[in-house]
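Fit chain B with the ligands to the given chain A structure using the hints.
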Amino acid sequence: MTNPVVKASGIVKRYGHVTAIDHSDFELYPGEILAVIGDNGAGKSSIVKAICGATIPDEGEILIEGKKVNFTSPIDARDMGIEIVYQNLALSPALSIADNMFTGREIRKEGFLGKFLRMLDKPAMETFAREKLTELGLMTVQSIKQPVETLSGGQRQGVAVARAAAFATKFIIMDEPTAALGVKESRKVLELMKDVKARGIPIILISHNMPHVFEVADRIHVHRLGKRLCTIDPKDYTMSDAVAFMTGAKEPPAEITA
Amino acid sequence: MSDATDKASEGQSFEQNLDQSAKEVAQFKVKNTSLLNRIQHLLHNNPTLVPVIVLVISLIAFGFIAGSKFFSAFNLSLILQQVSIIGILAAAQSLIIITAGIDLSVAAIMVLMSVVMGNLAVFMGVPSGLAILTGMAGGVGAGLMNGWFITKIKLPPFITTLGTWSIFYALLLWLSGAQSIRGQDIDANASFLKFFGQSFNIGGARITFSAILMVLVFVVLWYMLNKTAWGRHVYAIGDDKEAAEMSGIRTDRTLLSVYGLAGLVCAFAGWASIGRVGSISPQSFYEGNLDSITAVVIGGISLFGGRGSIMGALFGALIVGVFRSGLRLSGVDVLWQVFAIGWLIIIAVAIDQWIRRVSA
Ligand SMILES: Nc1ncnc2c1ncn2[C@@H]1O[C@H](COP(=O)(O)OP(=O)(O)OP(=O)(O)O)[C@@H](O)[C@H]1O
Ligand SMILES: [Mg+2]
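Listed in order, the protein sequences are those of chains A and B. So the first sequence is numbered by the working numbering: it starts at 3 and just counts up by one. So the second sequence is numbered by the working numbering: it starts at 4 and just counts up by one.
Hints are not guaranteed to be accurate.
According to the in silico footprint, chain B covers these stretches of chain A (three or more CB under 8 Å from chain B) [unchecked claim]:
#1 92–98
#2 114–126
#3 223–232
Covered stretches of chain B, as calculated for chain A (at least 3 residues, CB under 8 Å) [what the hints assert, rightly or not]:
#4 225–232
#5 236–247
The following label-pair restraints were derived from C-beta to C-beta distances [unchecked claim]:
#6 B:Leu338 <-> A:Thr129: 52 to 60 Å
#7 A:Gly113 <-> B:Leu338: 52 to 60 Å
#8 B:Gly186 <-> A:Arg107: 50 to 58 Å
#9 B:Ile156 <-> A:Glu63: 25 to 33 Å
#10 B:Leu219 <-> A:Gly113: 23 to 31 Å
Since the hints were derived computationally from the structure, they do not count as laboratory data. Positions of the beta carbon are idealized from the N, C-alpha and C atoms, including for glycine.
Next comes chain A alone, as it looks inside the complex:
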């Protein structure tokens, strides 16, 4: 295959005497949707957080497009065009939908107002936010100015997904983006992922939903006990195989192990 977009090797992260990541490797290739599956507490969130700078690994090396990176905060990753939808969404409840979509990359008015008085261009941000939510079929919200805390869990997830999809240029990490979504909304998110992939932007998808994983993923990274157990091609294995590997019910064949 071509050179990986992300290549991480020997990543270790310890919290006290819990080892969340135990010498794990990780690769993401251009243009693919990579699913990451594993039991609760296997360390899926931990490893993607290490990749995007939300946590700093104790050991190991991360290369992005072949260049070694040492992110100290998710802002560093974001500046490179890496977006993440966190499992807990990372939204500010009291701020509006539009404010949340633009946190840290607000649009300022042109001319004197923006340059010297640093005034925000709220209409521009609101228009953009409304467009992105409509693309996701999430315009069931009453107003783009309403605070995020007045949205349902699924609507909040939609806001977080829309934010990531709108701004990513290198790759997107989605940590259980459909966990709180209804059937119709999940479908929209899956379609959106395919669109993003068609734009040439690879995606890392963490999910417990096997039908979703097998539908969209090009490769599946099976995470078990803090490290990558194996990578499988969804065309070669069944959902029950995948579940058997990730729970330890079955050993994966040697040629695909980590």
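Structure of chain B with the ligands alone, referenced to chain A:
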């Protein structure tokens, strides 16, 4: 296995009717919304409404009780003048409280900087303008010191500012030798220090410069908090600091700027206090810290951070002033003024809790 992959393009089989699903934007049937419920929502969206209503009602009430003594242009402008220093401190305090912090040192920074300005200009012959600039820089420095302990050493704001309150207070006693600088000495050597004590008359009202400064401070800070990205970040940090960090805000840097700015505002209060009081007294405004918190709380700004408008603190300060003046002019003993303010605080926090329960 090929089952799952075959269907990949059409999605799951149970989803095949999704194409026919309703397309129109959802209509929410408004049900079960009692009047109380709707009020709760209204206040949630407009947190400043409570203090505004309280202010208007108390103005009308005291107008009836105390009569024209109270409801004259002169008395109303006097109230404005009386609350101006605490009002400016409350503006600084609001900034901190919106980030879910608290600052017990605001009044100590203010008095310390007025002593610094006075010492330099009155006793050491430094030009007034330069003395004032030094005081302003000192205010920023004192605020940054608080901010540094809070962001870099990760100390809780309450403990940090409890400590720096004592430190700044001791420093100001030392610098002033526990002595006041008399008004005559200021007039003779550095009358510019009293700039904000000047006033002009319109109608029967006497408007002091310190009252104008207070309003200006609030307007500028309101603009910064509501119309700039920095302001949105300040609210996001107060709301949920971790989420703010993860969604791309440099939280420590922003917090540091908030504390520095609050220190600057305190130094302005220090300058204005010289004109307002007429002298520089190390003992003045000893309760200023708590008074500023009172104004913020009565103004509907949540002590839990992230909620409330800074304008609320202006109304909060005015409400306290109106109660003091109204009760005094009605011939009520000072102790009952204190009693009333206490109840105002309790009620304001109770309302805040109630409004916060509205979400989802
Ligand atoms: N901040 C933290 N402090 C202490 N322990 C942590 C922390 N974050 C994760 N862990 C531990 O690391 C391990 C892996 O957690 P992680 O969140 O990565 O699991 P996960 O695979 O994402 O699980 P889930 O499917 O439930 O989301 C768990 O045992 C967890 O307790
Ligand atoms: Mg997780």
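Count the residues of the region 114–126 of chain A whose Cβ falls closer than 8 Å to any Cβ of chain B, and tell me whether that reaches three. holds (count 4)
Between Leu219 of chain B and Gly113 of chain A, does the C-beta distance stay in 23 to 31 Å? Holds, since Leu219 of chain B and Gly113 of chain A (Cβ atoms, about 24 Å apart) stay within the stated range.
The hint says 50 to 58 Å between Gly186 of chain B and Arg107 of chain A; measuring C-beta to C-beta, is that right? holds, 53 Å
Tell me whether the statement that chain A covers the region 236–247 of chain B is true, taking a Cβ distance below 8 Å and needing three residues at minimum. holds (count 8)
Using a Cβ cutoff of 8 Å, are there at least 3 residues of the region 92–98 of chain A near chain B, or does the coverage claim fail? Holds, because 6 residues of the region 92–98 of chain A bring their Cβ atoms closer than 8 Å to Cβ atoms of chain B.
Counting residues of the region 223–232 of chain A whose CB is closer than 8 Å to a CB in chain B, do you get three or more? It is violated, with 0 qualifying residues against the three required.
Distance restraint evaluation - Ile156 of chain B, Glu63 of chain A, Cβ atoms, bounds 25 to 33 Å: holds, 32 Å
Three or more residues of the region 225–232 of chain B near chain A by CB distance under 8 Å? holds (count 4)
For the range 52 to 60 Å, tell me whether the beta carbons of Gly113 of chain A and Leu338 of chain B fit it or not. Taking Cβ atoms as reference, Gly113 of chain A and Leu338 of chain B lie about 57 Å apart, which means the hint holds.
In this structure, is the beta-carbon distance linking Leu338 of chain B and Thr129 of chain A contained in 52 to 60 Å? holds, 57 Å
Violated hint: 3 only; the structure is consistent with all others.
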